[in-house]
Amino acid sequence: DAKTTQPNSMESNEEEPVHLPCNHSTISGTDYIHWYRQLPSQGPEYVIHGLTSNVNNRMASLAIAEDRKSSTLILHRATLRDAAVYYCILRRGAGSYQLTFGKGTKLSVIP
Amino acid sequence: NAGVMQNPRHLVRRRGQEARLRCSPMKGHSHVYWYRQLPEEGLKFMVYLQKENIIDESGMPKERFSAEFPKEGPSILRIQQVVRGDSAAYFCASSPEGIPNTEAFFGQGTRLTVV
Numbered sequence: 001d002a003k004t005t006q007p008n009s010m011e012s013n014e015e016e017p018v019h020l021p022c023n024h025s026t027i028s029g030t031d032y033i034h035w036y037r038q039l040p041s042q043g044p045e046y047v048i049h050g051l052t053s054n055v056n057n058r059m060a061s062l063a064i065a066e067d068r069k070s071s072t073l074i075l076h077r078a079t080l081r082d083a084a085v086y087y088c089i090l091r092r093g094a095g096s097y098q099l100t101f102g103k104g105t106k107l108s109v110i111p
Numbered sequence: 001n002a003g004v005m006q007n008p009r010h011l012v013r014r015r016g017q018e019a020r021l022r023c024s025p026m027k028g029h030s031h032v033y034w035y036r037q038l039p040e041e042g043l044k045f046m047v048y049l050q051k052e053n054i055i056d057e058s059g060m061p062k063e064r065f066s067a068e069f070p071k072e073g074p075s076i077l078r079i080q081q082v083v084r085g086d087s088a089a090y091f092c093a094s095s096p097e098g099i100p101n102t103e104a105f106f107g108q109g110t111r112l113t114v115v
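Sequence lines, in order, name chains V and L.
Going by the working numbering, the first sequence wraps up at 111, each residue one higher than the last.
Going by the working numbering, the second sequence wraps up at 115, each residue one higher than the last.
Simulated from the structure, these hints should not be mistaken for laboratory data.
Note that the structure is a prediction, hence the values are computed from the model and not measured.
For each residue, glycine too, the CB sits at the ideal point set by N, CA and C.
Do not rely on the hints blindly, as some may be mistaken.
Said to hold, decoys possible - Mimicking DSS-like on lysine-lysine, the simulated pairs with C-alpha atoms at most 27 Å apart in a straight line are:
(1) L/K44 / V/K103
(2) L/K71 / L/K51
(3) L/K62 / V/K103
(4) L/K62 / V/K69
(5) L/K44 / V/K106
Unchecked claim - Derived DEER-like restraints, expressed as beta-carbon distance ranges:
(6) L/E18 / V/S108: 38 to 44 Å
(7) L/S30 / V/S25: 32 to 38 Å
(8) L/Q81 / V/L51: 43 to 49 Å
The following block holds chain L by itself, in its conformation from the complex (with noise of 0.2 Å):
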């Protein structure tokens, strides 16, 4: 059972260009959640989404910023006309339900860098 898979790996923009990073949770998972960390700092939430559906988005920039979970395929987030701050490591997780009691699951992430 393959874990989270998120793709690319390292990805690099110019100022302007737009990003799309990739996610495709593990088999049976359809909860997805995106989460950020800057250079020394914590992680934090983004996005929370089911197939279709945005759960909880309360963490997103208000703009440039969107996430979908498609029916079929894998959850994108996509980041429009990337500034230099938008330089970080992007998380994605999946677990098989919603609720408290269960683990989530984190893939390697993608590494985004904005020159």
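The following block holds chain V by itself, in its conformation from the complex (with noise of 0.2 Å):
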């Protein structure tokens, strides 16, 4: 599998914007970008996909690069409860179906 590289951690005011990096340099034309957070003591939890085009939804955007070697997970606004750990998966699009977990980034937010 393609391997991402993610800061060790992040720190955010809260009530402002984060954006997350992920360099996934030898990334396949069939590799979603997948972002999971995992909330202290809790499983993982889904965040946001995409594949090739910019994606929204109602708890982030996923801003893909136009090469794809890089992409960046925004939170418009961040909140208390948004302090986690990140983590930016590659999932191949033929053949494959496990999540392969870094070490992700872990987001510190600031009252």
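The task is to assemble the complex, starting from two chains supplied on their own in separate frames and drawing on the hints.
See the structure below:
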């Protein structure tokens, strides 16, 4: 599976936007980009996913670079509840069914 | 529509005992995945099952660990003769299909402590 690289940690002030980067320079044409997050003592939670175009949902936006070698998860207005570890995961388009979690980015939200 | 249900939430076993972890997928989901998370580490894939079939168990330790997903009832992750190193959080996820353009739904996990 292609690997992803994320910063170990980031900080954000409450009610400000947060941009969480992810590099995936070896991404293949059939790899979907998924984001999950894990709040303390809870199971992972799906956030968003995309293939080539930018995506928006009620939780976040996903901006995918034109060459697909990087992406950015955007939380438009961070709340204390958004403090979590955020995982950027590539999921192959064919013959793949598992999510391979890396170390993710630990996001701290400052009140 | 209830989410993925795992039980028990916490399980304490003495070394050498057996641990049985149960996972009921979301209604309509026939694909189940088990992950293990050791303290302060990321989630590691263990096994992927569909009803009555093990599709991929490449992440399962070779001994003492087994998983099943019967036609009726929950998926079971079974750990025989537990050791201290088995202490971890075990998460189950389910999805309606096994293709990449779907999301997986995770349960709250079972925290196993081996004493």
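Hints versus structure:
1. L/K44 / V/K103: 11 Å, holds
2. L/K71 / L/K51: Distance ~6 Å between L/K71 and L/K51 Cα, so the pair holds.
3. L/K62 / V/K103: Since the Cα atoms of L/K62 and V/K103 sit roughly 25 Å apart, the hinted pair holds (cutoff 27 Å).
4. L/K62 / V/K69: Violated - the C-alpha atoms of V/K69 and L/K62 are around 36 Å apart, more than 27 Å.
5. L/K44 / V/K106: 18 Å, holds
6. L/E18 / V/S108: 38 to 44 Å: Given a distance of about 40 Å, which is inside 38 to 44 Å, the answer is holds.
7. L/S30 / V/S25: 32 to 38 Å: Distance hint for L/S30, V/S25 holds at roughly 35 Å.
8. L/Q81 / V/L51: 43 to 49 Å: 45 Å, holds
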